[in-house]
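Single-letter residue listing:
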Amino acid sequence: MDTQEMIKDQVTSNPVVLYMKGNPKFPQCGFSGLAVQILQACGVNNLVTVDVLADPAIREGIKIYSNWPTVPQLYINGEFVGGSDIMRSLYEQGELQKLLEKAVA
Amino acid sequence: MLSAHEVKTYIMQGLACDFVQVQGDDGQHFEAVVVSPAFVGKNMVQQHQLVYQALGDRMRSEIHALSIRTFTPEAWVKADLRV
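If you read the sequences in order, they're chains A and B.
Residues in the first sequence are numbered consecutively from 1, following this note's numbering.
Residues in the second sequence are numbered consecutively from 1001, following this note's numbering.
Pairs of lysine-lysine residues, derived as DSS-like cross-links and limited to a Cα-Cα distance of at most 30 angstroms, are as follows:
(1) B:K1042 with A:K8
(2) A:K98 with B:K1078
(3) B:K1042 with A:K21
(4) A:K102 with A:K8
(5) A:K98 with B:K1042
Note that these hints are calculated values from the structure, not bench results.
Isolated chain A (complex conformation) (with noise of 0.2 angstroms):
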């Protein structure tokens, strides 16, 4: 499997992943740990966790999946939703917590 399959299934597998530097106890970057605190206050216990730092090819792999330069990136089934600065404002918006109950259900 190629890494662009690679990612697809792990996205469309499970309905919440995120795509970070390290894990959510040692995040490796202030960005991906706010990432972490934002779903974790969204009551998020369904998250799954891809660490690019682990993987050089999901590093490069995830940046041309979305088209998307950065990390974190969050997944809500199979959908690519943002980066940690429209984390922040959807959840201020009270639109994530909206997406994730629906991944959830």
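With chain A's structure known, arrange chain B on it following the hints.
Same frame as chain A, but now just chain B:
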């Protein structure tokens, strides 16, 4: 080392903007506010993609982190009124 002013110039060269403000003085981390009529009718992902597009390869090589807030001209007027 990249300056906030250079980042601002790159964004303005690549995207027709009404207003751009870039802050950050460590050469790698920047915060940008961008107001452009090109954002009208686009969602947030598409708006940010336009800013990234304007920065091109610099986003991969020189800029470690860029926090972006985008506004359409109309949204910007409303945001200004709230301040």
